[in-house]
Amino acid sequence: MTDLIIFLALLATGYTVGRIAERRHYRSILAREKEMANVMVFTNRFPPMTQQASQALVTGSVVISEDYFKRVVSGLQSLFGGRLRAYESLLDRARREAVLRMKQEARGKGAKIIINVKFQTFSIPGRNPNSFGAVEVMAYGTALTQR
Amino acid sequence: MEYRNPQPPEGINVSQTHPLLDFMRLLGGLLVIAAIVFVALALLADRLAKYIPFEKEVEISSRFEAGFPAPGPINAYLQELTDRVVAAQELPAGMRIRIHYIDSPTVNAFATLGGNVVVFRGLIGKMPSENALAMVISHEIAHVKLRHPISTFGRGLAIGIVVAMVSAGSGSDIVGRTLGNAGLLTALTFSRSQESAADADALRSLARMYGHVAGAAEVFKLLQEESTRGIGNLPAILRTHPLDQDRIDAIGRNAAANGWPLQGPTHPLPEEIRRLAEKSRE
Numbered sequence: 001m002t003d004l005i006i007f008l009a010l011l012a013t014g015y016t017v018g019r020i021a022e023r024r025h026y027r028s029i030l031a032r033e034k035e036m037a038n039v040m041v042f043t044n045r046f047p048p049m050t051q052q053a054s055q056a057l058v059t060g061s062v063v064i065s066e067d068y069f070k071r072v073v074s075g076l077q078s079l080f081g082g083r084l085r086a087y088e089s090l091l092d093r094a095r096r097e098a099v100l101r102m103k104q105e106a107r108g109k110g111a112k113i114i115i116n117v118k119f120q121t122f123s124i125p126g127r128n129p130n131s132f133g134a135v136e137v138m139a140y141g142t143a144l145t146q147r
Numbered sequence: 001m002e003y004r005n006p007q008p009p010e011g012i013n014v015s016q017t018h019p020l021l022d023f024m025r026l027l028g029g030l031l032v033i034a035a036i037v038f039v040a041l042a043l044l045a046d047r048l049a050k051y052i053p054f055e056k057e058v059e060i061s062s063r064f065e066a067g068f069p070a071p072g073p074i075n076a077y078l079q080e081l082t083d084r085v086v087a088a089q090e091l092p093a094g095m096r097i098r099i100h101y102i103d104s105p106t107v108n109a110f111a112t113l114g115g116n117v118v119v120f121r122g123l124i125g126k127m128p129s130e131n132a133l134a135m136v137i138s139h140e141i142a143h144v145k146l147r148h149p150i151s152t153f154g155r156g157l158a159i160g161i162v163v164a165m166v167s168a169g170s171g172s173d174i175v176g177r178t179l180g181n182a183g184l185l186t187a188l189t190f191s192r193s194q195e196s197a198a199d200a201d202a203l204r205s206l207a208r209m210y211g212h213v214a215g216a217a218e219v220f221k222l223l224q225e226e227s228t229r230g231i232g233n234l235p236a237i238l239r240t241h242p243l244d245q246d247r248i249d250a251i252g253r254n255a256a257a258n259g260w261p262l263q264g265p266t267h268p269l270p271e272e273i274r275r276l277a278e279k280s281r282e
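Protein chains in written order, with the working numbering: chain Y, 1 to 147; chain A, 1 to 282.
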């Protein structure tokens, strides 16, 4: 019985706090994406302009963790299979946040364009299935600054 | 060529389903599957239990037999009465009943694995006659004879194993533990149909011992008094034991169908047992 009460309390906390944090984060992401729209990102390996430009590596990295609610829901989902909806929003936030951080660094260098943008992810707990779920998402690319 | 970075529309990489709705659907699905599996396992355990040899049951029960209190003078009488009941009950070869007495005011008796039957002082104190006590003991022996303890044990074990497998598979032991608690509840008691079957078997033994079934109905009248004093009257569907009035009616029907007289001379309990009864009324 005590187990059940603790379980429900953790579930409710995870849901409420996770939900509030997610809404707040999405608001911030949308605002900053609009603000930094003048720094453009491309996956091409070749610069779009013919003028000489100085190049620099720029990175943006973010580490995110699941909340208790997402963990339980994904645990249940893994019994049946299918889309892990609980994690979709989490990873979407992480990717966009990583790009924003990369743009921030590029803007600091006076760059307006980042080419050859790639993503990399790394699972923090590794392959241990009993550990917490957290993942690093890193975006990196080549920032071009016109001379 | 002009380069642009348009803002992609929202909701492509993220599902718009409400997370709580998602959770409820998953939980509902899991509970439905768990219920089906539990019921299937319970039925299977009931079917298969009678194929487990009784010696195996004795082997399992030998692990907890040290927990029974050492036999005293009351045990001699109880064992003698039990032997007479056993003689009337036509147990399969090799099935031995051992009776245990616990000096506690609890008004109860139960049967467990390995032919062990436990009677509490509180119950003996309430018995108006030897016939009534024989009915109780015979009822518990009927559980052993019909292999109810091993089927209950098997059901609990089968459900426990499945829960352990599911919780290991999902990586979330909390889900498994919650299901485990539910499984334990189903494993603790005999079902209503098992109780009715034991009643019928016990009544036949009583008729064979005394030539009539006087005292049988009294047992349930006493239990009825006890239960109304306890948790109150739950509706019949929620109780594992058939309602005591239903059991009294069943005894009447059963006796009439077999031509067993409902009345007859009853044997009093021996003096030392009656003294024991006085002790528990204090």
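Do not rely on the hints blindly, as some may be mistaken.
To be verified - Computed list of chain Y residues with no C-beta within reach of chain A, every gap over 10 Å:
#1 Ser28
#2 Lys34
#3 Gln55
#4 Ala56
#5 Leu57
#6 Val63
#7 Gln77
#8 Arg85
#9 Glu88
#10 Ser89
#11 Gln104
#12 Phe119
#13 Phe122
Claimed, not checked - Which chain Y residues face chain A? A few, computed with CB under 8 Å, are given here:
#14 Ile29
#15 Ala31
#16 Glu33
#17 Val41
#18 Phe46
#19 Pro47
#20 Val73
#21 Leu79
#22 Gly81
#23 Asp92
#24 Val117
#25 Lys118
What the hints assert, rightly or not - Here are the simulated distance ranges between beta carbons:
#26 Ser131/Y to Tyr51/A: 41 to 47 Å
#27 Gly11/A to Lys109/Y: 31 to 37 Å
#28 Leu21/A to Ser65/Y: 22 to 28 Å
#29 Phe80/Y to Asp103/A: 33 to 39 Å
#30 Ile12/A to Arg19/Y: 16 to 22 Å
#31 Phe80/Y to Ala66/A: 44 to 50 Å
#32 Ala134/Y to Val32/A: 30 to 36 Å
Simulated from the structure, these hints should not be mistaken for laboratory data.
Backbone N, C-alpha and C define an ideal beta-carbon position, used for all residues, glycine too.
| Hints not upheld, ascending by number | Failing hints, ascending: 2, 7, 8, 9, 10, 14, 15, 18, 19, 22, 24, 25 and 29.
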